[in-house]
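Protein chains in written order, with full-length UniProt numbering: chain L, 1 to 523; chain S, 1 to 523.
Take the hints with a grain of salt, since some may be wrong.
For chains that are exact copies, the list does not tell them apart, and a pair is met inside one copy or across any two.
What the hints assert, rightly or not - Cross-link-like lysine-lysine pairs, in silico, DSSO-like; alpha carbons within 30 Å at most:
(1) 422 with 134
(2) 33 with 134
(3) 254 with 196
(4) 58 with 457
(5) 196 with 62
(6) 196 with 152
(7) 465 with 285
(8) 519 with 488
(9) 195 with 160
(10) 62 with 364
(11) 369 with 80
(12) 160 with 80
(13) 254 with 195
(14) 412 with 465
(15) 364 with 488
(16) 85 with 364
(17) 412 with 447
(18) 52 with 465
(19) 369 with 465
Hints in this document: simulated from the structure, not taken from any laboratory.
These numbers were taken from a predicted model, which means no experiment stands behind them.
Number of protein chains: 2
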Amino acid sequence: MNQIRLYDTTLRDGSQAEDVSFLVTDKIRIAQKLDELGIHYIEGGWPGSNPKDIAFFKDIKKVSLSGAKIAAFGSTRRAKITPDKDNNIRTLIQAEPDVVTIFGKTWDFHVHEALRISLEENLELIYDSLAYLKEHIGEVIYDAEHFFDGYKANPAYALKTLQAAQEAGADCIVLCDTNGGTLPYELPAIIAAVKKSVSTPLGIHAHNDSECAVANSLVAVENGIVHVQGTINGFGERCGNANLCSIIPSLVLKMESPCVADEQLKSLRGVSRYIYELANLVPNKHMAYVGNSAFAHKGGVHVSAIQRHPETYEHVRPERVGNVTRVLISDLSGRSNILAKAEQFNINLDSKDPVTLEILEDIKELENKGYQFEGAEASFELLMRRALGTIRPYFSVIGYRVIDTKRHEDEKTLSEATVQVKVGGRIEHTAAEGNGPVNALDHALRKALENFYPQLKEMRLLDYKVRVLPAGKGTASVTRVLIESGDKMERWGTVGVSDNIIDASYHALIDALQYKLLKDQGR
Amino acid sequence: MNQIRLYDTTLRDGSQAEDVSFLVTDKIRIAQKLDELGIHYIEGGWPGSNPKDIAFFKDIKKVSLSGAKIAAFGSTRRAKITPDKDNNIRTLIQAEPDVVTIFGKTWDFHVHEALRISLEENLELIYDSLAYLKEHIGEVIYDAEHFFDGYKANPAYALKTLQAAQEAGADCIVLCDTNGGTLPYELPAIIAAVKKSVSTPLGIHAHNDSECAVANSLVAVENGIVHVQGTINGFGERCGNANLCSIIPSLVLKMESPCVADEQLKSLRGVSRYIYELANLVPNKHMAYVGNSAFAHKGGVHVSAIQRHPETYEHVRPERVGNVTRVLISDLSGRSNILAKAEQFNINLDSKDPVTLEILEDIKELENKGYQFEGAEASFELLMRRALGTIRPYFSVIGYRVIDTKRHEDEKTLSEATVQVKVGGRIEHTAAEGNGPVNALDHALRKALENFYPQLKEMRLLDYKVRVLPAGKGTASVTRVLIESGDKMERWGTVGVSDNIIDASYHALIDALQYKLLKDQGR
Numbered sequence: 001m002n003q004i005r006l007y008d009t010t011l012r013d014g015s016q017a018e019d020v021s022f023l024v025t026d027k028i029r030i031a032q033k034l035d036e037l038g039i040h041y042i043e044g045g046w047p048g049s050n051p052k053d054i055a056f057f058k059d060i061k062k063v064s065l066s067g068a069k070i071a072a073f074g075s076t077r078r079a080k081i082t083p084d085k086d087n088n089i090r091t092l093i094q095a096e097p098d099v100v101t102i103f104g105k106t107w108d109f110h111v112h113e114a115l116r117i118s119l120e121e122n123l124e125l126i127y128d129s130l131a132y133l134k135e136h137i138g139e140v141i142y143d144a145e146h147f148f149d150g151y152k153a154n155p156a157y158a159l160k161t162l163q164a165a166q167e168a169g170a171d172c173i174v175l176c177d178t179n180g181g182t183l184p185y186e187l188p189a190i191i192a193a194v195k196k197s198v199s200t201p202l203g204i205h206a207h208n209d210s211e212c213a214v215a216n217s218l219v220a221v222e223n224g225i226v227h228v229q230g231t232i233n234g235f236g237e238r239c240g241n242a243n244l245c246s247i248i249p250s251l252v253l254k255m256e257s258p259c260v261a262d263e264q265l266k267s268l269r270g271v272s273r274y275i276y277e278l279a280n281l282v283p284n285k286h287m288a289y290v291g292n293s294a295f296a297h298k299g300g301v302h303v304s305a306i307q308r309h310p311e312t313y314e315h316v317r318p319e320r321v322g323n324v325t326r327v328l329i330s331d332l333s334g335r336s337n338i339l340a341k342a343e344q345f346n347i348n349l350d351s352k353d354p355v356t357l358e359i360l361e362d363i364k365e366l367e368n369k370g371y372q373f374e375g376a377e378a379s380f381e382l383l384m385r386r387a388l389g390t391i392r393p394y395f396s397v398i399g400y401r402v403i404d405t406k407r408h409e410d411e412k413t414l415s416e417a418t419v420q421v422k423v424g425g426r427i428e429h430t431a432a433e434g435n436g437p438v439n440a441l442d443h444a445l446r447k448a449l450e451n452f453y454p455q456l457k458e459m460r461l462l463d464y465k466v467r468v469l470p471a472g473k474g475t476a477s478v479t480r481v482l483i484e485s486g487d488k489m490e491r492w493g494t495v496g497v498s499d500n501i502i503d504a505s506y507h508a509l510i511d512a513l514q515y516k517l518l519k520d521q522g523r
Numbered sequence: 001m002n003q004i005r006l007y008d009t010t011l012r013d014g015s016q017a018e019d020v021s022f023l024v025t026d027k028i029r030i031a032q033k034l035d036e037l038g039i040h041y042i043e044g045g046w047p048g049s050n051p052k053d054i055a056f057f058k059d060i061k062k063v064s065l066s067g068a069k070i071a072a073f074g075s076t077r078r079a080k081i082t083p084d085k086d087n088n089i090r091t092l093i094q095a096e097p098d099v100v101t102i103f104g105k106t107w108d109f110h111v112h113e114a115l116r117i118s119l120e121e122n123l124e125l126i127y128d129s130l131a132y133l134k135e136h137i138g139e140v141i142y143d144a145e146h147f148f149d150g151y152k153a154n155p156a157y158a159l160k161t162l163q164a165a166q167e168a169g170a171d172c173i174v175l176c177d178t179n180g181g182t183l184p185y186e187l188p189a190i191i192a193a194v195k196k197s198v199s200t201p202l203g204i205h206a207h208n209d210s211e212c213a214v215a216n217s218l219v220a221v222e223n224g225i226v227h228v229q230g231t232i233n234g235f236g237e238r239c240g241n242a243n244l245c246s247i248i249p250s251l252v253l254k255m256e257s258p259c260v261a262d263e264q265l266k267s268l269r270g271v272s273r274y275i276y277e278l279a280n281l282v283p284n285k286h287m288a289y290v291g292n293s294a295f296a297h298k299g300g301v302h303v304s305a306i307q308r309h310p311e312t313y314e315h316v317r318p319e320r321v322g323n324v325t326r327v328l329i330s331d332l333s334g335r336s337n338i339l340a341k342a343e344q345f346n347i348n349l350d351s352k353d354p355v356t357l358e359i360l361e362d363i364k365e366l367e368n369k370g371y372q373f374e375g376a377e378a379s380f381e382l383l384m385r386r387a388l389g390t391i392r393p394y395f396s397v398i399g400y401r402v403i404d405t406k407r408h409e410d411e412k413t414l415s416e417a418t419v420q421v422k423v424g425g426r427i428e429h430t431a432a433e434g435n436g437p438v439n440a441l442d443h444a445l446r447k448a449l450e451n452f453y454p455q456l457k458e459m460r461l462l463d464y465k466v467r468v469l470p471a472g473k474g475t476a477s478v479t480r481v482l483i484e485s486g487d488k489m490e491r492w493g494t495v496g497v498s499d500n501i502i503d504a505s506y507h508a509l510i511d512a513l514q515y516k517l518l519k520d521q522g523r
């Protein structure tokens, strides 16, 4: 099978979802992750519609990508204007992307009602815009909007729109199921008709309004489509776009279509979670392949059988997508995780040592309270060392007070923290300001402790994430704070959980400081 | 097309999901809803494996159902025992259901490795169990476990297992994709082979491990399957079962298969949400057909077109499944989105009115600063009304102070807020505690304002989301707070952005309070 080209529109179509909003810096980081994953095209935005996107196309040039091409999205020219004078087309060229993708009308009804022009004029629109762009940009892709409905309404005209795109020199023609209503068994006949009519390589852009976007994409590939558009985690308006996290593994592992390398496929789960994190959304644990529950087997009938012959119960091996099998009633996998982690931290942990089980219990209890040790490995190491009794307390905090004041309606809120710390027999009592209560507390703690440990001056608070975890069955709502700190040598993450956000932040800060002191001592 | 029979296993397979747990009383209520929806078979449980389920089969007899049959689930008899002495089979008969469904092994590998019997014995197991049950229960269904993988491994044997079921008198033979690995284009050939081999009506039971369960079910129906198994909301282990909320509308509205009546289809969204409620799970807003976002349109380009000709943008009319069209705000908003939103809020906005452009500019600017109006429509409405000058200030906050204190190392952090508010000429100065600075501030503001506006007592803070937006080029790091509030009548969202988390929370709280006062006034 021809190598399938993957076209990611998380940053454009995906961002049109109600609950998804990325800053330009987020988009750059996501683009880098997608490039590492092996995505061939990254659609970075719609500069003609959203000025924020222009910044993306500028900034991405400063980043060195290994294989992905950057695409800019836009529409065919407006009716009474030539392409060189059309603002949207000009913006596309100014963005200087590797690829331009424009969408055009396929359904005769839309041409009359939405554009209010003749069917013939629409063909010129498509032809002109593509031909003009092809003179300025190396690669041009045409998205045939509402293709399947347009074809069902007026097949001859729909095919004419594709032919116009082909004549203009489009490098790929993408059949878009824009309203997501097409069902999988409808595709083979329609794609066959298209292939008789144009020879340009074809693509598919499915939406999930009938919960068939992934299926439609795979059926399309099975029928000769060579270019698949979708988003990570299926982000997108309404019911979402075709989920690349479900498509890529099926292509590689089942359809003999190595569109990404095996090593890249292993990073899929990490990419999925990274992008959920940046979108500040809770990952769907039931997602195919990469969800937390995707290979979580509940007990009873077949647990031991799974352990002996996983391939007869799991449709693929979870490690291939960076996931793991979880068996919900056993703690065997738990124990081996702890041992592996301890090794990583150069801690000698005997697998028969009862403290191993104790650490496992501690972790389960903390996780039930809302702790999460991914991204907070320093807290995890401190937890282990405390359980082993191999850590000395570098300081203790006797108390603190944080005051946030807004004295007049128009004034900004000022934050001030006061702390008392004790090292050996000495007490240090000081205060500091900050641009928020946590920032103030961080400054005050650092200021107090730097008297005893000057190396803390090298330390910076790099990132601060807050997640309010809603109350569950029988648990109150808690706040989880993840802090990333760094010095010249490395970065480390710590976590704190409490129903009080200041308290949670305090615990994460304390862990961060203790970890710095621990590692400087050479452990 | 034959009428398709719908078989719901929410109460059995659905309940095997990690996060789903129903009490017997819940199950009875769900069964009644499913019956009203028009479901033909309701699988109530697995009494041989889960004694709690026995109570369901007893209690459901006291309920009068209009059309649904109650099914009990279990397995084929154990190897060295006759059906009449097999405990699992006896429990099934004792439950006195209308229908019994049993599953059996199809894959030769499983017969050898899991059951450790010969292939021939397995056929006897299947035949015996079904024949015996058929003598006692009016209708008997056979679920061929791991059918598609078993067929691919050893087609002749897989078909033999089905033939055994047919000879025993099974009323329906269900092909189960137990590990969810089968892709849609594989089904037609396999189903054709099965139809050549048995004449018993066929069913499909798909799992969503490849995100193709719904598609597989529809393709199966297109290829002659007449019985579809699934769950409401796609509940189920791992990646879930085939989602009946996506299957039923496609069957009725697109496949000319009126498996439920139109009036029943309209209740679908209600049934979906009811069952989410009983499962204590947050509904997935992006669900096909019934999700909150399923017909929520973003992006300026086509909102005006949708209003004029919805059928050319929506694949079905949302009202047919009990849903509605929604228009969202975003930074891709064009003028038409703003106008549509204004209409929703009963604000008369002239499309040529320059204030419309002004609001659009304000939104884009605020969003560049980190504001997000999705999930914060109340803030958006307040913004519009302020721009139009049609809002009166219900109160002003002269100042506030929040103090977080941790007096000893082992003590929890206590938060206390003091506020001064002014309404008309009167000033109210009060204090309150909370389990965090924002909570304390919320209590104090509410306490102060309730003296003037008692209706604020009805108001609750329901959800609180914090996002720290990292610094970008030339912008400092800011914190965005989204608050959801509610009273007896509705819920509303507000947003605040600042580099100080208390300040950001304060702005979101103020908007929430003002919105409550605004709407109570009847705008």
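Verification of the hints:
For the identical chains of this complex, residue 422 and residue 134 are neighbours neither inside a copy (70 Å) nor across copies (64 Å), given an alpha-carbon limit of 30 Å. Taking the shortest alpha-carbon separations for residue 33 and residue 134, only the intra-copy value of 29 Å comes in at or below 30 Å, while the best inter-copy value is 57 Å. For a Cα distance limit of 30 Å, the shortest separation of residue 254 from residue 196 qualifies both inside one copy, at 28 Å, and across copies, at 27 Å. In this assembly of identical chains, residue 58 and residue 457 lie within 30 Å of each other by CA distance neither inside one copy nor across copies; the values are 36 Å within and 51 Å between.
When the C-alpha separation of residue 196 and residue 62 is checked against a cutoff of 30 Å, the pair qualifies neither within a copy, at 43 Å, nor between copies, at 62 Å. For the homomeric pair residue 196 and residue 152, the shortest alpha-carbon distance inside one copy (16 Å) is at most 30 Å, but the shortest distance between copies (33 Å) is not. Taking CA atoms no more than 30 Å apart as the test, residue 465 paired with residue 285 passes in both settings, with 17 Å inside one copy and 20 Å between copies. For a Cα distance limit of 30 Å, the shortest separation of residue 519 from residue 488 inside one copy, 13 Å, qualifies, whereas the shortest one across copies, 54 Å, does not.
Within a single copy, residue 195 and residue 160 get their C-alpha atoms as close as 13 Å, which meets the 30 Å cut-off; across copies the closest is 41 Å, which misses it. Proximity of residue 62 to residue 364 under the C-alpha cut-off of 30 Å is restricted to the inter-copy arrangement: shortest distance 26 Å between copies versus 43 Å within a copy. Taking the closest pair of Cα atoms, residue 369 and residue 80 never come within 30 Å of each other, the shortest separation being 62 Å inside a single copy and 36 Å across copies. Proximity of residue 160 to residue 80 under the C-alpha cut-off of 30 Å is restricted to the intra-copy arrangement: shortest distance 21 Å within a copy versus 68 Å between copies.
For the homomeric pair residue 254 and residue 195, the shortest alpha-carbon distances inside one copy (24 Å) and between copies (25 Å) are both at most 30 Å. For the homomeric pair residue 412 and residue 465, the shortest alpha-carbon distances inside one copy (23 Å) and between copies (21 Å) are both at most 30 Å. Taking the closest pair of Cα atoms, residue 364 and residue 488 never come within 30 Å of each other, the shortest separation being 33 Å inside a single copy and 38 Å across copies. For the identical chains of this complex, residue 85 and residue 364 are inter-copy neighbours only, at 25 Å across copies versus 63 Å inside a copy, given an alpha-carbon limit of 30 Å.
For the identical chains of this complex, residue 412 and residue 447 are neighbours both inside a copy (24 Å) and across copies (23 Å), given an alpha-carbon limit of 30 Å. Taking identical chains as interchangeable, the C-alpha atoms of residue 52 and residue 465 lie at most 30 Å apart whether they share a chain (24 Å) or sit on different chains (24 Å). Taking the shortest Cα distances, residue 369 and residue 465 sit within 30 Å of each other both inside one copy (17 Å) and across copies (18 Å).
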